[in-house]
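Per numbering that gives the first Met the number 0: the sequence shown = residues 0 to 409.
Incorrect hints may appear among the rest.
Below, simulated DSS-like cross-link-like pairs (lysine-lysine); rule was C-alpha separation at most 27 Å, straight line [as the list claims (entries may be wrong)]:
#1 127 to 227
#2 75 to 63
#3 338 to 253
No lab work stands behind these hints: they were computed from the structure.
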Amino acid sequence: MHIVIAMDSFKGSMSSLETGNAVAEGFRRVNPDNEIDVRPVADGGEGTVDTLTEGLGGTFRTVKVTGPLGKVVEAKYGITENPQLAEHFFRRKNREIQGASGMKMLKYPPTAIIETAQAAGLSLVPEKSRNPMLTTTRGVGELIRDAVSQGCRNFIIGVGSSATNDCGIGMLEALGYRFLDANGVDVPGNAAGLARIASIDASSALPELADCSFQIACDVTNPLCGEKGASAVFGPQKGADPEMIRQMDAAQMKFAELCEKSYPKADPTAPGTGAAGGLGFGFLTFTNAILARGIDIVLRETRLESYLRSADLVVTGEGELDARTMMGKGPSGVAALAKNFNVPCIAFTGQLGRNFRTVNDKGIAAFFTIQPGPVSLSEAMDNESARRHLADTAEQVMRLIDVFYREKWM
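Can you make the complete structure from the sequences, with help from the hints?
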């Protein structure tokens with residue numbers, strides 16, 4: 000029996016690979032001859048760097064960058080030289096190099112996996128200090144610049160949970176762009192600086208950017224401006240009051256109109272340009288970027304589809320299953336892909352939330368909670384306990400599957 004396990008993390012408890020390996024352990028107790036593939040899953044949000052970097056055999060790099068309030072923070076990102084990850088973007092940009100045997104080989108640049116929240120996240124700003132007029136994405140640009148110095152040319156970037164509303168000008172300043180006021184003076188790289196921008200100077204932009212491609216994990220479809228735009232929808236949670244929202248929205252529209260004069264890709268109405276306070280707009284306008292659902296990017300780049308072609312069973316899950324699970328989160332993508340190949344999909348979870356039965360209508364044939372009985376939250380979240388409970392539950396599920404599988408096929 001060929002089983003593909005593609006579990007999302009149980010946030011705060013187990014990583015994606017830890018959950019997957021726990022399920023595999025339980026399954027192997029019953030039948031060690033099963034062919035089991037454990038694959039990493041993330042939805043582009045928190046945990047994506049850890050999941051993809053570990054799952055694809057990459058390494059982590061921690062650097063000091065400018066935080067959202069201008070103070071230095073430490074941010075971690077991943078680097079992987081997995082050729083599958085880079086091939087999609089660099090098929091036409093391959094470098095032919097001579098191997099030791101004299102034969103030509105294709106070499107792909109490494110891929111950087113970045114979460115903007117590491118450098119510009121709302122969690123980095125104390126609640127009393129939240130003011131999206133003053134926060135900056137500069138640290139995101141510094142992470143990209145550092146990755147470029149490490150040879151990376153392909154980027155997967157999750158843009159969730161930002162504290163910023165600067166359209167990405169802070170990030171772009173770190174990459175060499177200059178945003179000047181009417182007197183030719185550089186404006187601050189934050190939302191307050193947007194309204195003052197009179198011209199854009201790209202002459203000092205990092206030259207390597209022309210060879211870089213960005214996949215932006217973006218699960219929102221908001222445009223840059225207006226009642227559904229970055230300022231109106233996401234500004235309040237970042238500390239903006241109604242007057243601040245009005246000012247920021249007007250500044251973003253003014254900036255977009257300026258960009259449209261010189262940058263053909265500038266389109267403030269495009270879905271996702273309002274993500275992360277307009278960071279989506281900044282990426283689409285100034286870099287070789289595409290915006291897509293985080294889970295779609297992860298599943299494509301980890302090539303889960305190739306594993307499902309011969310699978311008899313797919314297993315997914317996350318810490319809490321509820322109606323939101325099937326709205327672009329990890330298990331929803333796995334279940335949809337399994338359905339495309341007519342492979343049954345089951346799920347494991349730590350707990351059930353509201354309207355949990357909706358997951359059955361979206362491709363998950365059955366789900367199983369892992370708690371053996373009433374436990375405290377701390378025990379439920381404890382890594383060792385959670386892994387044990389997940390493995391034990393998986394064992395019992397496999398015992399049932401094994402009975403019916405053997406009766407049908409043996």
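Broken hints, numbered, in rising order?
When the structure is compared with the hints, only number 3 turns out to be violated.
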